[in-house]
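Q: Each chain, written out:
Number of protein chains: 2
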Amino acid sequence: MGPRDGLQNEDVLVSTADKIELVARSVAAGITRIEAVSFVHPGRVPQMADAEAVMAGVPRSEGVSYIGLVLNRRGLDRALAAGVDEVNVVVVATDTFSVKNQGVTTDRMLEVWDEIAAATPIRKSVTIAASFGCPFEGETPPERVAEIARRAAAAGASEIALADTIGVGVPAQVRDLTRRVRAAAPGIPLRFHFHNTRNTGYANALAAVEEGVTVLDAATGGFGGCPFAPAATGNIATEDLLYALHRSGARTGVSEEVVAAAGTWLGGVLGKPAPALLGRAGGFPSERTS
Amino acid sequence: MGPRDGLQNEDVLVSTADKIELVARSVAAGITRIEAVSFVHPGRVPQMADAEAVMAGVPRSEGVSYIGLVLNRRGLDRALAAGVDEVNVVVVATDTFSVKNQGVTTDRMLEVWDEIAAATPIRKSVTIAASFGCPFEGETPPERVAEIARRAAAAGASEIALADTIGVGVPAQVRDLTRRVRAAAPGIPLRFHFHNTRNTGYANALAAVEEGVTVLDAATGGFGGCPFAPAATGNIATEDLLYALHRSGARTGVSEEVVAAAGTWLGGVLGKPAPALLGRAGGFPSERTS
Chain A
1 MGPRDGLQNE DVLVSTADKI ELVARSVAAG ITRIEAVSFV HPGRVPQMAD AEAVMAGVPR
61 SEGVSYIGLV LNRRGLDRAL AAGVDEVNVV VVATDTFSVK NQGVTTDRML EVWDEIAAAT
121 PIRKSVTIAA SFGCPFEGET PPERVAEIAR RAAAAGASEI ALADTIGVGV PAQVRDLTRR
181 VRAAAPGIPL RFHFHNTRNT GYANALAAVE EGVTVLDAAT GGFGGCPFAP AATGNIATED
241 LLYALHRSGA RTGVSEEVVA AAGTWLGGVL GKPAPALLGR AGGFPSERTS
Chain B
1 MGPRDGLQNE DVLVSTADKI ELVARSVAAG ITRIEAVSFV HPGRVPQMAD AEAVMAGVPR
61 SEGVSYIGLV LNRRGLDRAL AAGVDEVNVV VVATDTFSVK NQGVTTDRML EVWDEIAAAT
121 PIRKSVTIAA SFGCPFEGET PPERVAEIAR RAAAAGASEI ALADTIGVGV PAQVRDLTRR
181 VRAAAPGIPL RFHFHNTRNT GYANALAAVE EGVTVLDAAT GGFGGCPFAP AATGNIATED
241 LLYALHRSGA RTGVSEEVVA AAGTWLGGVL GKPAPALLGR AGGFPSERTS
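Order-wise, the sequence lines are chains A and B.
With this note's numbering, the residue at position 165 of the first sequence is 165, and numbering never jumps.
With this note's numbering, the residue at position 147 of the second sequence is 147, and numbering never jumps.
Mixed in with the good hints, there may be bad ones.
[Stated by the list, open to error] Reference listing, derived: stretches of chain A covered by chain B, where coverage requires no fewer than 3 residues with Cβ under 8 angstroms from a Cβ of chain B:
1. 75-84
2. 158-172
[What the hints assert, rightly or not] Computed cross-link-like contacts, SDA-like style, restricted to lysine to any residue with a CA-CA straight-line distance of at most 20 angstroms:
3. K272/A / G271/B
4. K272/B / D18/B
5. K100/B / E287/A
6. K272/A / R280/B
7. K100/B / N9/A
8. K100/A / N9/A
9. K272/A / N9/A
10. K272/B / A261/B
11. K272/B / G271/A
12. K272/A / P273/B
13. K100/A / D18/A
14. K272/B / E287/A
15. K272/B / N9/B
16. K100/B / E139/B
17. K272/B / P273/A
18. K272/B / G75/B
19. K100/B / S286/A
20. K100/B / G138/B
21. K100/A / E287/B
22. K272/A / K272/B
23. K100/A / S286/B
24. K100/A / P285/B
25. K100/B / H41/B
26. K100/A / V112/A
27. K100/B / N72/B
28. K100/B / G75/B
It should be emphasised that the hints constitute simulated quantities derived from the structure, not laboratory data.
Backbone N, C-alpha and C fix where the C-beta goes; we use that ideal spot for every residue, glycine too.
Pulled out of the complex, with its shape left as it was, chain A reads as follows (with noise of 0.2 angstroms):
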């Protein structure tokens, strides 16, 4: 998800050329699945305004499908005008945060999940933010996020993201939450969403493989954040997540070289240093005795 979570809290406002490359950069890597834009208000997030354009510009290739996050029917509709594969939509799982990041209350918004869910015609994911913890809550109860993916899978949902979207979950969570989450709503996919705001998002994604997970996301280069929590940083970097599946005997279709080349660039497009460590440090290093 970096051209949408990767890119949406940064300042320097990115062309849509350097979106579409940004996409066909994944593409190329290996990645099938890109959720690539938000059809939200252009005046709360600017970052995604163009994101029709984006969307004509991205390479279709057989097997990638593009995934766009919408919150009201009106983003629904642009989505599917658009042509994505899939939509995604957010619950915050805590009532503070949900006001502050999309104007209602968790349970207002699962009845909009409700409505999104009924008048759309292809994949729809529901992602549950704030699931490890809340920036103005503290702990988020996680009663209250297996009830809501009892809600999600309630309305027809193919597949439900649990994400630490302010980077303060550790492992044991990850393993509580998924074993609540499955008993909650059987059956439906699980997906993960880390942030690395505090050393723990690559231990969480590892810990979620471990339970069977199959779906994490992570973003190019590691940039990322929310617009409306304080101190968000960064998502899980793509190449940084591929370098420790792929050494731990994992395949991914994805070469972690081709990402990593591609955080570098984007670093170089938003002026500043990726978070991501693979493209400074390199892989693995290869025999070289001297």
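Starting from the structure of chain A, add chain B where the hints point.
A: For chain B alone, coordinates are given in the frame of chain A:
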């Protein structure tokens, strides 16, 4: 080991007084075992040239023990004269790196270890460097790490540490090496040493804890690196490790806030921001419902 591995690769020569303050801040935070200095040739590691002066100035509290790194008999004599409570001897697992780091092959260093061990009247640990990979030889055979651990134990090591000197390891390796070294050196306590060079350090640390390991190296602020390994970067940061442990339910007796403040202070001393994230992001948010 912030005062030792955290500082030894920094270009800015830190004053003896600031090194003593770093140690004192660590003690004030509740840390009870500190690798404060190394007794190596000052021409090789200039940052450690004032080891005796540092040891003369550190607070001598009940229950706090100080470790000095030594690589030969002369270093041991200096360490004992300076009044350290323990010595730590580094054996590099691969010959190419061993020769570059300390001028001898691994087998020769194991003979040096035998000599040091026989002459050491206090606690003595062996740290096996490059246990997870070598900057020059690539893969480090885990069988070789286990064999070095066996020889370390045979000469009376109080503790064996496995070091990911260049930050290439992943949790699967942590678990594999834990099993192998426990079999090769039964009954000897294990310690791990991780660098976060490719964003796997904290995942590795938490994997070690899950394996029952109770001693982990870390450096205040996450500074550090090896002068003789290309692209080696910081140790895992003590404050970020504490955050993850505390949020996982562990009790350490160490204040993450005091360490985080020390990391920020140390960044000022070194003239660059600490790699640690807790000092920037803050701890887990307290409830402040608006």
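Q: All the hints need checking, so say for each whether the structure fits it.
A: Checked hints:
no.	hint	result
1	75-84	violated (count 0)
2	158-172	holds (count 7)
3	K272/A / G271/B	holds (19 angstroms)
4	K272/B / D18/B	holds (15 angstroms)
5	K100/B / E287/A	holds (15 angstroms)
6	K272/A / R280/B	holds (17 angstroms)
7	K100/B / N9/A	violated (45 angstroms)
8	K100/A / N9/A	holds (15 angstroms)
9	K272/A / N9/A	holds (14 angstroms)
10	K272/B / A261/B	holds (15 angstroms)
11	K272/B / G271/A	holds (19 angstroms)
12	K272/A / P273/B	holds (15 angstroms)
13	K100/A / D18/A	violated (30 angstroms)
14	K272/B / E287/A	violated (33 angstroms)
15	K272/B / N9/B	holds (14 angstroms)
16	K100/B / E139/B	holds (17 angstroms)
17	K272/B / P273/A	holds (15 angstroms)
18	K272/B / G75/B	violated (31 angstroms)
19	K100/B / S286/A	holds (17 angstroms)
20	K100/B / G138/B	holds (15 angstroms)
21	K100/A / E287/B	holds (15 angstroms)
22	K272/A / K272/B	holds (16 angstroms)
23	K100/A / S286/B	holds (17 angstroms)
24	K100/A / P285/B	holds (16 angstroms)
25	K100/B / H41/B	holds (14 angstroms)
26	K100/A / V112/A	holds (16 angstroms)
27	K100/B / N72/B	holds (15 angstroms)
28	K100/B / G75/B	holds (18 angstroms)
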